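Student: In case you want the letters, here they are:
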Amino acid sequence: MALHRFANPARFMRLSAAILPWFAAAAAVLLALGVYLALFVAPPDYQQGDDVRIMFVHVPAAWLASFIYLLLALASAVAIIWRHPLADIAAQSAAPLGAAFTALCLVTGSLWGVKMWGTWWVWDARLTSVLVLFFLYLGYIALVNAFDEPTRGARAGAILALVGVVNLPIIKFSVDWWNTLHQKASVFRLGGPTIDPSMLWPLAVMAVGFTFFFATLLLLRMRTALIAAKIRALRLAEIERLRPARAAARQQVLT
Amino acid sequence: MTAFRRLVFRDLRLAFRQGGDAAMVVGFFVLTVILFPFGVGPEPEILSRIAAGILWVTALLAALLSLERLFQADWEDGSLEALALMPLPLEAQVLAKCLAHWLVTGLPLALVAPLLGLLLQLDTAGYPVLVAGLLLGTPTLSLIGAVGASLSLGARRGGVLLSLLVLPLYIPVLIFGVAGIEAAIAGLAARPYLLLLGALLAAALPLAPVAAAAALRQALE
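So the sequences go chain by chain: P and C. Under our numbering, the first sequence has 193 at position 177, and the numbering climbs by one with no breaks. Under our numbering, the second sequence has 222 at position 191, and the numbering climbs by one with no breaks.
Calculated from the structure, these hints are not laboratory results. None of these values were measured; they are calculated from a predicted model. Careful, some of the hints might be misleading.
To spell it out: a stretch of chain C is covered by chain P in this simulated footprint if at least three of its residues, at any positions, have a beta carbon under 8 Å from a beta carbon of chain P; those stretches are [to be verified]:
1. 183–192
2. 236–245
Which chain P residues face chain C? A few, computed with CB under 8 Å, are given here [as the list claims (entries may be wrong)]:
3. 148
4. 159
5. 172
6. 175
7. 182
8. 187
Between beta-carbon pairs, the in silico distance windows are [said to hold, decoys possible]:
9. 247(P) to 233(C): 46 to 54 Å
10. 145(C) to 216(P): 50 to 58 Å
11. 154(C) to 139(P): 21 to 29 Å
Glycine included, each C-beta is placed from N, C-alpha and C at the ideal position.
Looking at chain P on its own, in the form it has when it is part of the complex:
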């Protein structure tokens, strides 16, 4: 399988070193352009005024929150099936980023809610599912770090990620249903799919910029994790190498 060619850590380090500056540059340029478009070019909404600009952070964060969970589950599946250490590292590096984007989505959504709905929190179906997603991320991170043996944590986390991805649609569906049952008065919201092109373009630029930003951070975190593992291995080897010499020295002292 072609994918296996990229699973070699040494090759990954070479490739990622080559890609990283380009990704970082793309993220910087797109985010700068996106922020400019979102703050100065995009028109204020006719009902929400300038508050609508929260959308340009909120929507990309929401999109990344679910995209990263999918990536996490995919990496976990690869880790379980082919036992690639690199897939484990990818999953573990992605999880805190996913949690951070989910938190960003919740916070910006809450701020937007204060201006639009007059309250920090509404038990809206989408908000609730994102909150549950946040707890799934936290559970994954807690489980991975809960064992003394890192490999055990990685395996358990991989299984949990797959269980979570099976459950996510069920939770989403049930929350949607629960919401339509309980919340008869519908909350005022932005008019669905008909979004004006003048707002769509800045949003698209921001979304792509956010994705590059995430990819840059992910590669950086994976490289850091690999380097940390290498340092640990080198230290252990050093201890092993020194052991006979120390033992001999101790022997000399004793005699």
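Chain C: place on chain P using the hints.
Tutor: Below, chain C without anything else, positioned relative to chain P:
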């Protein structure tokens, strides 16, 4: 099949001889439910409005309480390793343990719930759906819980971790359980909600043992 039955009876015997797993779970359920009138006030209107939610949330927490012991004792004294060597597949063993767990926790909860419903002034129309919903929903809780319990075997702070892993996955069961009771009280059909609870059980029945067995295998490695 004999091995399956023996495993169920073994776990049941252990639960009864060690005394009080079931009693503790039911005791927790009763006590926690009794706390609510003190918290929200004794007015019958308020209590009957929130009775369904209180009963389900508390039953869920009570079921969670005993999950940690599902595999913990067997794992600590090494009998889990002996069990893994049995010809009976690990998946079937997980199923047997879930059945035993449900018989000592879920079933008593479903039987006690109507009594507590009386205390909380639950509308008469809600009782059949409350019991039927708990009977259909609590096995799913045991099955999902088995996945969490096997994943957190040997983890630091296992108990807290377990609730963090399992509670988000319990949300659908809670939603449909409560919605069914409220539909019955409002004079609507509760059947769709019971069917949905059954569907969740039908999905968890084959999937959860596979995930839990995979987790147990890597815990034993």
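Student: Please list, smallest to largest, the hint numbers that this structure does not respect.
Tutor: Nothing - there is no hint that the structure violates, so all of them hold.
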